[in-house]
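Participant: Each chain, written out:
There are 2 protein chains.
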Amino acid sequence: DMAVRHYTLDFNLSTAVECASVVPGLLSIFHEQELAETIHDTNGHGYLATFVGKNGRFVDNSHFSVCVSQLLNSLEKKLKVILNGNIARTKKLPPLVRGAKVDRYWPTADGRLVEYDIDKVVYEEDSPYQNIKILHSKQYGNILVLDGDVNLAESDYAYTEAITGSGKENYAGKEVLILGGGDGGILAELVKHKPKMITMVEISFMVIDGCKTHMRKTCGNILDSLRGDCYQILIEDCVPLLKKYVREGRTFDYVINDLTAIPISTSPEEDSTWEFLRLILDLSIRVLHPKGKYFTQGNSVNLTEALSLYEEQLGKLSCPVDFRKQVVCVPSYLEQWVFYTAWKK
Amino acid sequence: DMAVRHYTLDFNLSTAVECASVVPGLLSIFHEQELAETIHDTNGHGYLATFVGKNGRFVDNSHFSVCVSQLLNSLEKKLKVILNGNIARTKKLPPLVRGAKVDRYWPTADGRLVEYDIDKVVYEEDSPYQNIKILHSKQYGNILVLDGDVNLAESDYAYTEAITGSGKENYAGKEVLILGGGDGGILAELVKHKPKMITMVEISFMVIDGCKTHMRKTCGNILDSLRGDCYQILIEDCVPLLKKYVREGRTFDYVINDLTAIPISTSPEEDSTWEFLRLILDLSIRVLHPKGKYFTQGNSVNLTEALSLYEEQLGKLSCPVDFRKQVVCVPSYLEQWVFYTAWKK
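Protein chains in written order, with UniProt numbering: chain F, 1 to 345; chain A, 1 to 345.
Bound-form chain F, shown alone:
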């Protein structure tokens, strides 16, 4: 694996120092490692030097990454001597690994840089709808990643629990509609409760196919068949189906919206993400029994603007609703996540 490791050593000074008095003392460390130096003109705005190893490269072999660590340790020690008492803080971060075969960086929804312990790409396919990856993490098990977004890991029962009502609902004998849910987690959970019938509508058979094989801690054997005693899985776009249900006057005791945060649809209504989202919401509430409940995931708790906009949509539906929200820790998300429950007023 020809990955590049990007190491950093940062230090903060309690008072300003002259480059001229500090830099020469540090250069010997680089020269000992036979690194060639280039000084860049910064017009007095600091000191920028580039060092290149012998043979012209920095990435060599595993031996070299030991050398870089030693280099940073020497640098840190020497800095402490030269700037005696003047260093407020030094910090060495784990190296940023660039260009590796297996990508370990999947930023959070609120835009933070996080590294996962991913060691293998288990599955990768492009469907007509999205890029589908299943990645293996030592601590989270397999992780489903759709178009670069962490969707669900095998460790994430907390997600399934939250989006099915936190164990407080009685599904026995009830009619349930699941929108999306291709990883099978919700379906596998709800069949245990002996509902009358669960209809799950997933647009992508490839997601189901990948999860059936690689996310078994999430879905068990429920995806092995598209039909069971109390469930059916329809491979189609949920929008036309919801419209058909509205026309027929069909209702469900529970509607669970497990669609990805960024909507996917082949229908022409998709003018904007928010309009599409409101369309799904509106249709979902229309097929909801007057005493039924609508469950869905929201967003990162830090994306307050997006959450407000979502709540605004809830006020614009053809049928007035009340709602409550809950903040849940989904292990593999590395951020707190908001879930919504809505019901007809």
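Each statement offered as a hint is correct.
Same chains, same names: a pair is fine if it fits in one copy or spans any two.
Capping the alpha-carbon separation at 20 angstroms, the derived lysine to any residue pairs in SDA-like fashion look like this:
1) K54 <-> I39
2) K92 <-> L113
3) K101 <-> A88
4) K291 <-> G173
5) K91 <-> G111
6) K138 <-> V327
7) K92 <-> D110
8) K325 <-> I285
I should point out that these hints are in silico values taken from the structure, not numbers from a laboratory.
Keeping the supplied structure of chain F fixed, place chain A upon it in accordance with the hints.
Facilitator: This is chain A only, laid out in the frame that chain F set:
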């Protein structure tokens, strides 16, 4: 804040390309931004150029970080044109912020780079025992960081729940010993259960003092007084106290070890971390009632070697014990954590 933002754009190629045919096409993008270029000799091992902005700097003002984003976008676009069909993957990561006033990077115990949404240093003091920080996170509330290790956030009731037996214990009328626990989370939880007496032994009054003010979602008002109807807080090293309890033949129904992963002690026994850890363990089990339970946190689930070593120690105690472990998601840890329960055979 004079922080430096370190942006990256990585791309992987499906087949090798000649620098000579690609690089000149990209240079114009940098030149348009009036960046001066230095080429480094890499002896044929690739292409390394350093660009410095006009006025000699890259960090200028908020306007400039917009420029860098635009630069990366232009680069990405141009790369796609020049390397048409040859790019297997491109990835832009959130920038690595270096030298900022508030440090947002607190690597996990298993050595991964993670960025927190920390926006403020609420408290920082050096005690004779450790560096104490309380940092504010938008989603986790205040976070106690001891010697650079994330200890507990106000969001982390899951930690308190796990280390007190996951709600399955009956503390009413019981004698409890807490080792450490300066954030007050365990104490605040257990007093609700009307125990006979809780003795908490925390070495650092400064931790208690900081948490009393800034971690109130964790400790409530329990740290406002060192003594209550059913609890007492002793500010001292737990080792001599445990030895005294052993001499007196005193036992507890529950011993909860909430000491930091890296032990702190003024006693001379601290030859090595593992010996010290075994000493605490041995003394704790010796003061445990024959039917009592010992609860403690272990480590990151990924540190399998450290966990094995810990379990080895459990087999070397003066009194034989059985144990079980549990993996728990503590929200602010950004990694799965192992908790142990031990009891006398």
